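Listed in order, the protein sequences are those of chains A and B.
Note that the first sequence covers residues -4 to 311 in my numbering.
Note that the second sequence covers residues 16 to 121 in my numbering.
Derived from the structure by calculation, the hints contain no laboratory data.
None of the values given here were measured: they were computed from a predicted structure.
Please note: incorrect hints may appear among the correct ones.
Stated by the list, open to error - Listed next, the in silico DSS-like pairs over lysine-lysine satisfying Cα-Cα at most 25 Å (straight line):
1) A/K176 with B/K96
2) B/K112 with A/K176
3) B/K103 with A/K105
Stated by the list, open to error - Computed list of chain A residues with no C-beta within reach of chain B, every gap over 12 Å:
4) K19
5) M22
6) E90
7) H115
8) T116
9) L134
10) F179
11) A195
Unchecked claim - These stretches of chain B come out as covered by chain A in the derived footprint (C-beta under 8 Å, 3 or more residues):
12) 55 to 66
13) 75 to 86
Backbone N, C-alpha and C fix where the C-beta goes; we use that ideal spot for every residue, glycine too.
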Amino acid sequence: MAEDVLTPITQAMNEGALSRRELKRLMRRSNVPGLVHLAFWMLAMIGTGFLVWLSMGSWWIIPAMFVHGILMVHHFSLQHECVHYTAFRTRWLNEIIGNYCGIVIMLPNKFFRYEHCDHHTYTQLTGKDPELIELPIGLADYLRYISSFPYWKAKFSELGRHAAGRLSESERRFIPKEEHKAVFWEARAMAALYAAILLASAWADWWGAVWYWWLPVFMGEPVMRAIRMTEHVGRPNIRDMKENTRTNLVTTPMRLLCWNMNYHAEHHYASSVPFHALPKLHKKLEGYIFVENRGYLGAHIDIISQIIGRAPRSDS
Amino acid sequence: MTRTRQWRDLVAIADLEPGDATPVSLGTRELAVYDTVDGVFVSFARCTHGAANLCDGYFDGRYIECPLHQGLFDARTGEAKAAPATRKLRMIEARVKDGIVQVLIS
Chain A
-4 MAEDVLTPIT
6 QAMNEGALSR
16 RELKRLMRRS
26 NVPGLVHLAF
36 WMLAMIGTGF
46 LVWLSMGSWW
56 IIPAMFVHGI
66 LMVHHFSLQH
76 ECVHYTAFRT
86 RWLNEIIGNY
96 CGIVIMLPNK
106 FFRYEHCDHH
116 TYTQLTGKDP
126 ELIELPIGLA
136 DYLRYISSFP
146 YWKAKFSELG
156 RHAAGRLSES
166 ERRFIPKEEH
176 KAVFWEARAM
186 AALYAAILLA
196 SAWADWWGAV
206 WYWWLPVFMG
216 EPVMRAIRMT
226 EHVGRPNIRD
236 MKENTRTNLV
246 TTPMRLLCWN
256 MNYHAEHHYA
266 SSVPFHALPK
276 LHKKLEGYIF
286 VENRGYLGAH
296 IDIISQIIGR
306 APRSDS
Chain B
16 MTRTRQWRDL
26 VAIADLEPGD
36 ATPVSLGTRE
46 LAVYDTVDGV
56 FVSFARCTHG
66 AANLCDGYFD
76 GRYIECPLHQ
86 GLFDARTGEA
96 KAAPATRKLR
106 MIEARVKDGI
116 VQVLIS
């Protein structure tokens, strides 16, 4: 039934927390904030890349690659904004930058777009939300998730499956059939590009891609996993966006790094609002959505409290 | 028996979202009224791909983006412009008379 189709602003409209006009004003897109943000963010990444270069040949390379990796894995935040087409006003800019980010972190852009659309439609609903991260059953499970091994295992299997022209049952549900072939070719192109870079590196005997890109991404991914956990893990598995998502108040550098995606409850409440308008939406929704004032650390204290039984489990 | 089409009042221009898409009901029909750079256009409001109401989507004066999967339509012609939208929108002939948007409909 057409009436059942929820859009990213359905709940906000139904509850009247914002008028349609207010929401549409917040939804306005612009190229300027995204391009300025991108320029500073790239400069920061060049800076951390320079640290890796400086520390070559010493043990300092390990912390340097870790710091560089933290910035590198935040390509996810920009790609996330691009799949919503809200990073920039110009649609093809979102496509190009989104695909670039996807290549950096091995997350094919078109596939992620459709997966992420379904995540917004079925946020936190067990068995339906394709991005749902279950509340870990114990501390070992919690650490295993943060280690990123399960994440990379899933991502490599996903890429292989799509490159082979196959989809899982749940992927068949959320990828429109008109786009199946495009998703397969996207995975093949990505796999071919990685293979070409590897071969070119071996031929030239220059391993910059490993030192400045792949190793830092693998080293930084646990930080991204820990951040991703703070968005929904430990929140109830219900449809209400005011309850199922957590906003984390974090420091300005972290906010810049994640393209304001710490305002996650606001983002889920009205996901068509661009990153640069989320602080305004945050003010409008003050007291209405769930906010963790202690930031990412507070969110993990909450998650661990639930895991060790000091607080009731959100999934019980 | 064929039903004849006639011009029917839909919504006052003053009640439209300026430069945006406005949801309007006409009987059981859900319509979208677009205040485009080339004038006012009207279509059935549901996306031809996933049936989401297009009025909840982003409109730039020319193209309406589906809020659900970001498929794209030209609001002036109904043409599908970006995947996953492939089938064009059903447009309804519209005109503005005495400050009222009217549609030619049975």
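Right, here's what the structure says about each hint:
no.: 1; hint: A/K176 with B/K96; in the structure: holds, 18 Å
no.: 2; hint: B/K112 with A/K176; in the structure: violated, 47 Å
no.: 3; hint: B/K103 with A/K105; in the structure: holds, 22 Å
no.: 4; hint: K19; in the structure: violated, 6 Å
no.: 5; hint: M22; in the structure: violated, 6 Å
no.: 6; hint: E90; in the structure: violated, 9 Å
no.: 7; hint: H115; in the structure: violated, 9 Å
no.: 8; hint: T116; in the structure: violated, 7 Å
no.: 9; hint: L134; in the structure: holds, 38 Å
no.: 10; hint: F179; in the structure: holds, 14 Å
no.: 11; hint: A195; in the structure: holds, 32 Å
no.: 12; hint: 55 to 66; in the structure: holds (count 4)
no.: 13; hint: 75 to 86; in the structure: holds (count 6)
Of the hints listed earlier, those the structure fails to meet are numbers 2, 4, 5, 6, 7, 8, in rising order.
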